[in-house]
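Peer 1: Residues per chain, in single letters:
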Amino acid sequence: MALMELRDVCTYYGNIQALRGISLSVEEGEIVTLIGANGAGKTTTLMSICGIAQIRSGSVTLDGEDISRKSPHSIVAMGLSQVPEGRRIFPQLTVLENLDMGAFLRRDKAMVRVDLEEVFDLFPRLAERRNQQGGTLSGGEQQMLAISRALMARPRILLLDEPSLGLAPLIVQNIFEIIKRINEERKTTVFLVEQNANMALKIADKGYVLQNGSIRMADSAERLLANEEVRKAYLGL
Amino acid sequence: MERNKLFRDLRTSLIIAAWFSFLLFPLLVMKVSVTSGAALVRFRWERLPGIAVAAFALSFAWRRALEWNEARGDKPSGAGPIAALTARARSALAVKPIRLSVSAVLLAVVAVYPFALGMYHTNIMITALIYVILALGLNIVVGLGGLLNLGYAAFFAVGAYTYGLLWKYAGPAFVAAGVDPGWLFWIALPTAGVLAAVFGALLSLPVLRLRGDYLAIITLAFGEIVRMVLQNSGAVTGGATGISLIPRPWFFGLRLPPRQAATYIYYIAVALVALTVFVVRRIEDSRVGRALEAMREDEIACEAMGVDLVRNKLVTFSLGAFWAGIAGVLLAAQTTYINPDSFTLWESITVLMAVVIGGTGSIPGAIGGALLLKLLPEYFRPLAQYRMLIYGIAMILVIIFKPDGLFPRNRKKYTFEGAPSEGGASPAADGQEARR
Chain L
387 MALMELRDVC TYYGNIQALR GISLSVEEGE IVTLIGANGA GKTTTLMSIC GIAQIRSGSV
447 TLDGEDISRK SPHSIVAMGL SQVPEGRRIF PQLTVLENLD MGAFLRRDKA MVRVDLEEVF
507 DLFPRLAERR NQQGGTLSGG EQQMLAISRA LMARPRILLL DEPSLGLAPL IVQNIFEIIK
567 RINEERKTTV FLVEQNANMA LKIADKGYVL QNGSIRMADS AERLLANEEV RKAYLGL
Chain V
782 MERNKLFRDL RTSLIIAAWF SFLLFPLLVM KVSVTSGAAL VRFRWERLPG IAVAAFALSF
842 AWRRALEWNE ARGDKPSGAG PIAALTARAR SALAVKPIRL SVSAVLLAVV AVYPFALGMY
902 HTNIMITALI YVILALGLNI VVGLGGLLNL GYAAFFAVGA YTYGLLWKYA GPAFVAAGVD
962 PGWLFWIALP TAGVLAAVFG ALLSLPVLRL RGDYLAIITL AFGEIVRMVL QNSGAVTGGA
1022 TGISLIPRPW FFGLRLPPRQ AATYIYYIAV ALVALTVFVV RRIEDSRVGR ALEAMREDEI
1082 ACEAMGVDLV RNKLVTFSLG AFWAGIAGVL LAAQTTYINP DSFTLWESIT VLMAVVIGGT
1142 GSIPGAIGGA LLLKLLPEYF RPLAQYRMLI YGIAMILVII FKPDGLFPRN RKKYTFEGAP
1202 SEGGASPAAD GQEARR
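Each protein sequence line maps, in turn, to chains L and V.
Convert by adding 386 to the 1-based position in the first sequence; the result is the number in my numbering.
Convert by adding 781 to the 1-based position in the second sequence; the result is the number in my numbering.
Calculated from the structure, these hints are not laboratory results.
Any given hint might turn out to be false.
Said to hold, decoys possible - In silico DMTMM-like links for lysine to aspartate or glutamate, alpha-carbon gap of 25 Å or less: (1) L:Lys-495 - V:Asp-1089; (2) L:Lys-495 - L:Glu-571; (3) L:Lys-456 - V:Asp-1089; (4) L:Lys-495 - V:Glu-848.
Said to hold, decoys possible - DEER-style ranges, computed between Cβ atoms: (5) L:Met-497 - V:Arg-992: 50 to 60 Å; (6) L:Asn-401 - V:Trp-967: 51 to 61 Å; (7) L:Arg-516 - V:Glu-851: 30 to 40 Å; (8) L:Leu-551 - V:Asp-1185: 26 to 36 Å; (9) L:Gly-472 - V:Asp-1185: 37 to 47 Å; (10) L:Ser-600 - V:Asn-1013: 51 to 61 Å.
Claimed, not checked - Partial chain L-side listing against chain V, Cβ under 8 Å, derived: (11) Val-462; (12) Ala-463; (13) Gly-465; (14) Phe-476; (15) Gln-478; (16) Glu-483; (17) Asp-486; (18) Met-487; (19) Phe-490; (20) Ala-619.
Just so it is clear, CB atoms sit at the ideal spot from N, CA and C, and this is done for glycine as well.
Take these sequences, add in the hints, and give me the full structure.
Peer 2: In structure tokens form, the structure reads like this:
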């Protein structure tokens, strides 16, 4: 059974239909990526999963349980964390306090401390700046902080919304390597929404191509990378 | 460069002086007097130089101050005589004997205050302390939660009227049973807190999805609604005449003369302030406090962390309102008389101003701001008619020159001091503005 599954999800903003029946599934331990152009509905898909945007029809299931009517905080409690678009770290809180907020729902203090060390292991840069205010970090560091913060909830599935947004290519490379490491070392399932199709497909197992609110293609990442149409439209090759 | 600036400032100030002389000419120089049907215009030319010089001086001083302020922002904080002084004070306070003796002196001053200064000053201080409690409570909502509340006086009213109505309806029974009605104060204190908190929760329901301007307007309306209800349900609340002869707090069954009663209430107020500070500090350091701060910073991210925003806002408003309720009971006990006029929008704004001028989110700020805003006007009575003007000017000055408030929260500002690692990304690289 798939860990997360969307079936015929339709989401509206007022009268405007943003998602036109999206179906996709994410298996445990996979990295699945959703690629598409601006305005295709990538972020809306994420918001629909997290419960921030209400879906009008269809269903979202996590581990077989329907979460489409649940409130955002109870979805987090079920083991789904997201790194929101544009990072959205807490600028006036320190790095440590930001990470602390990530573990907000957790009561196992000892394990939280272990996870904190693990996160600092992944991003040594954050360990150096643990007492610095989040807003004073560079863009790349803020992205690292946003990912770490989501990891602090020890999620079963991690949702990332355009982690490459506004970052230098070298830093993007670094971030994607770490996403791969998170998936391999921590066995965290990853659902990655990206515009940078090339980078995303390289680390993913499976990919979906979103166009105008519906799934245009679904295939293994390798085959999508080789697909003529994808290469033309999204990879610029 | 510096000279050019000076020259430009002088020139602009000259132009402004000329413009002001022109603008104020009909008001301050011309004087029309009507005698026996004929209008006689008298020109008081001797006033013109004064106007021009004053406009010039003010404009020039303002410009220089703004430039100084801008230049100050470029330098790292910690320079300058005031920063050096506070740094020295701080390091002195870190030494235990000094810290202990300073707190002992402070405590002694607080303890002997009512005996040393008499009833008049004690009463003023009680009012100020009531505002300190209010400011600390509002600070939870505005400073920690980041939710603007312009109807805060409503909770203050709920507290005061809890005591007033308890007295009005349960008082006779107490007297008939031979129980000192002063006990009502001690019953009213927790009841009012809880009741105000319930009202806080009620207010939070309609404003859950609102932020900024809309939130301000709804809370403002809420404050007025509560006051209007109190004013217009005369049968229950006494309407505009209010409730009088509210008993003073019970003190071992003694009926204290006014002076001693004031001293007694003063000590109760001090104790309540201490309790408020203690609790607010605990909240600040707690998980709930952290969640409140996170909500202030970014609601969506907060939700993504698994924080229940609905509950969070409810808690914020209730916690803030609780202290207003407590302060209300104190007010009723001190003045022994309450009516709806004590709980106007102006009260809400004064408390908000105390929080902002003191330093949003800072406990010393809320205390300092409330004391300043309540004590200074009392001791500068002759200037009472200019109060609004002075408040306005003070507000502008604080916002421009000390945006964190007079006593800002001592948020530990750490800077990175290690060796920069490879990649060379310094803080605030990538075009990310450091937000303060």
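Peer 1: If a hint holds in the structure, say so; if it doesn't, say that too.
Peer 2: Status of each hint after checking the structure:
no.	hint	in the structure
1	L:Lys-495 - V:Asp-1089	20 Å, holds
2	L:Lys-495 - L:Glu-571	22 Å, holds
3	L:Lys-456 - V:Asp-1089	12 Å, holds
4	L:Lys-495 - V:Glu-848	50 Å, violated
5	L:Met-497 - V:Arg-992: 50 to 60 Å	35 Å, violated
6	L:Asn-401 - V:Trp-967: 51 to 61 Å	59 Å, holds
7	L:Arg-516 - V:Glu-851: 30 to 40 Å	32 Å, holds
8	L:Leu-551 - V:Asp-1185: 26 to 36 Å	31 Å, holds
9	L:Gly-472 - V:Asp-1185: 37 to 47 Å	26 Å, violated
10	L:Ser-600 - V:Asn-1013: 51 to 61 Å	58 Å, holds
11	Val-462	3 Å, holds
12	Ala-463	6 Å, holds
13	Gly-465	10 Å, violated
14	Phe-476	4 Å, holds
15	Gln-478	6 Å, holds
16	Glu-483	7 Å, holds
17	Asp-486	6 Å, holds
18	Met-487	5 Å, holds
19	Phe-490	5 Å, holds
20	Ala-619	29 Å, violated
In this structure, the earlier hints numbered 4, 5, 9, 13 and 20 are contradicted, and the remaining ones agree with it.
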